[in-house]
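Protein chains in written order, with our numbering: chain A, 1 to 278; chain B, 1001 to 1389; chain C, 2001 to 2312.
Sample of chain A residues at the chain C side, in silico, Cβ under 10 Å:
no.	residue
1	K117
2	A121
3	I152
4	T251
Derived from the structure by calculation, the hints contain no laboratory data. These numbers come from a predicted model, not from an experiment. The beta-carbon is built from N, C-alpha and C at its ideal position, and this holds for glycine as well.
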Amino acid sequence: MATVSQSSKLGNVLWPALAWIIALVFFFPIFWLVFTSFKTDADAVKPEFLFFFTPTLDNYTNMTQNYDYWRFAINSVITSSFATLFALVVGVPAAYAMAFNPSRHTKDILMWMLSTKMLPAAAVLYPMTFLTKNILGIYDTHFLVILVLCLINLPIVIWMLFTYFKEIPKEIIEAGKMDGVSTWGEIKDILIPLAWGGIASTALLTFIFCWNEAYWTVRLTTIDAATLSTLIEGNRAPEGLFFGRLAAVSTAAVAPIVILGWFCQKQLVAGLTFGAVK
Amino acid sequence: MQKVAEAYTADTGVTLNWVSLEEGVLREQVTSDTATGGGQYDIINIGMQEAPIWGAAGWIEPLEFGAEYDVDDMLPAMRNGLSHEGTLYAAPFYGESSMVMYRKDLTEAAGVTIADNDSWDNVKAAAAAMHDPDNGVYGACLRGKPGWGDNMAFVTTVVNSFGGAWFDADMRPALESDEWKAAINFYVDLLGNYGPPGSEGNSFNEILALYNEDKCGMWIDATIAASFLENDNVAYAQSPNAGNPVGANWLWAWAMAVPTGSPNSEAAHDFIEWATSKAYIQAVGNHPDFGWGSVPTGTRASTYAIPEFQAVAKFAAAEMAAIESAAPAATDIKPYVGVQFAAIPEFPEVGTAVAQEIAAALSGAKSVDEALAASQAAADAIMSEAGYY
Amino acid sequence: MSNRTLPRILQTPAVILLLIWMLVPLSMTLYFSFIRYVLNSSIRPEWMTPSLSNWRGFGNYKYVLDAKDFWFAIQNSVFIVTSILVITVVLGLGIAVLINKSFPGRGIVRVLLISPFFVMPAVNAVLWINMILDPVLGLQGIAVGGINNIIDGLRDFPVLGAFFNLWPTFEPISFRATQTSAYAVIMMVAWQWTPFAVLIFMTSLQSEDESQKEAATLDGASPWSQFINLTVPHLARPIAIVVMIQSIFHLSLYAEIEIVSRGSGNKNLPYLIGEFTNNNIGAASATGIFAVILANIIAIFLLRMVGKSLMD
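Generate the whole structure from the sequences, applying the supplied hints.
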């Protein structure tokens, strides 16, 4: 018995210590990015200023003055929010139908939806540019960005929601039906409250994916609807290698979403199951 | 430029929206917009490779300016490079050639010299003498990052100076010629032995940072680099030569053009006229935030005659000489227009494919012969696919 | 309304939207893949307008199959995705088990661990390849230089010096080289997606049957055999899900490839398509069709893996 308690005592210190070390290693690059953003461009590449330097906010003031950070940031917020909202509006009824009234094609439809996400964006870049610009005339509009972000995330949204809805006992929904509740009532009064955790974490994950999308947002916009991804594209290779400036722009682009993630991490941890928990 | 142009907006009431993108993404964006009939951009920033081809394809509008613009003041090399059949399609915002920039203190300490149009052997000997990796100094910093406008810009000039060319008279690729083999072997040897680690990832931006950290003995790159260099001991030399009529210096310009179909074509034209005028050079030189050290060079002969410019730009004479000696015209050796590129629509595709092979040879993933054989095969496939033969 | 039509109506908007999103570009791609179509050509200007008179049959497909990097790109696509999957699942399992028990500061550890998942891919790539991995100016270069300096200093010591004289001078690794660029991509993407695996495994672990474990402990089963015999089977489904979601995302990696080495050594199918797109739309479209086929093969594979339990 003595050995067991000893080893577990050791384990009580060792395992948490290891967890802490791994967590710090994983976080280090982000720390380094933020840290570098307070260095001048010249100091950022000098070994003698690796850890000790005079911090400066110049990179940030420069960014907001010269690169119109807020315009990009506001576009990111608008497009990501609305895309998430629309994806849920379209996705909740679809997932509801698939979960509670599955047909023999439901599985195939779900898989087909997911497979649309694997289509290589580069292959359809040119048709998409032509279509949106010359035929539909919606190139570089918020509408287009929202639509595209919504569509590329819709399969994941439906799939996630489907897996949550499946956890809900069918009888609860059936009971509603017996009481003569309309379908809309079922969704609004029974399903959504019951699956609220799942819906919230789906929304969160979708928002993250929308915010971080770069291929389409950069290539289907110029000015009006350009998001933070475009700001990064414009700054990642200027004349010279300005680590300080690059770090500041990068920090400013990822900070909102990382902070949002921190605040909602409990929600994410609780809800991100993809139906994996039985 | 954005800041200087604030005055333009104040004067004319024309508001300007700027889109800045990484070079590769910029090309992709501008190409897909222009090729689908334009409309997104009123003014595009393109290079000397694209300008004549896009002009020929009718993608961009011909540019004609008033007498005050003094188009004859534009350096002939730039004007020709941006024209197709005598019509100007893009106005140069800045132009450049390439030259050797080296640290005089290091060459003196090592007891070597680098002369104008020196031989490659001497250049290599100087790089070897300055090379001191233990103290973080590398003999030669050269481009190695794969890209037709990156490593291939420099590599092509080396090949040119060895007497080679991309294509023969029938436009068949000639990448396995003795000249290419000699040039690439030399390049891999020089940069592999006396270059900084990770050279296969370095292009202009990366090397500029290295050079300003005092890590490079010499750097052969765009003349414009000289205006960004901070070390006081920088000296310049005209690009090396291997005994051929053509030296190892390139010719390039970033230029502004108006896509056909731009709804604001007149305003765009007027802005270009202003932004590439003599007055613009004065505006930058006299601007409190910029000054004469930041004026765009390589475009107008008159810039080089301005005393204030001469006073701050120590590299001006060397740059002018390099631009004037660049030879873009087609010759017996190379049947196409362009120094470090060929002014044909397929070149970016060929250049990209070869660039990756040369980068593989540089990092030792392939031998030079293997890389060139693969390059030749790829280039041959692209050219025959494009209908050249 | 009958029981059957209503569900159909409810899922119709989603199905129609996705159908349009898939079919319109796909049919254009299919059309372009059978004709000669280039953005610009001075030799054959007639190829610059898409038209049936430039019909080419399977010519583009043949050209792409023979192209220099086609098979290399397919191989790379699969290699990069598989490596990332293996790393993230193994690391994710280990970390999830590690932080499953409560300990001081677990909340903070969790926050730190999941943070990389929120970072934009382009920022991730720029951060890693420049600020961390650059062999001269990045942390790697600075660290290697520092270590070499320390060793150099130690060489002068009387007895120890002999020992340190045996040490080599360390060379920094260039992660933009043809030989290493795929590993750089794998490393940075695995860094970003391991937190995702951790998140999913963590949730599943919390639902694990503790009484089973206690019984196993009483039977004298070692922690390792408990992990293998109880925890891993319990996590089979979450593992399948992690594999599936990640395959979907990583098959279309693009920004990381571009930023690390522009496809030199790490080119995958989307990047090859991107290269063709610069001029040869016909070839890009044919490659796109191949990519669709590859995606469907993998989708069928994934369907077998998770599809069955999906409907249970």
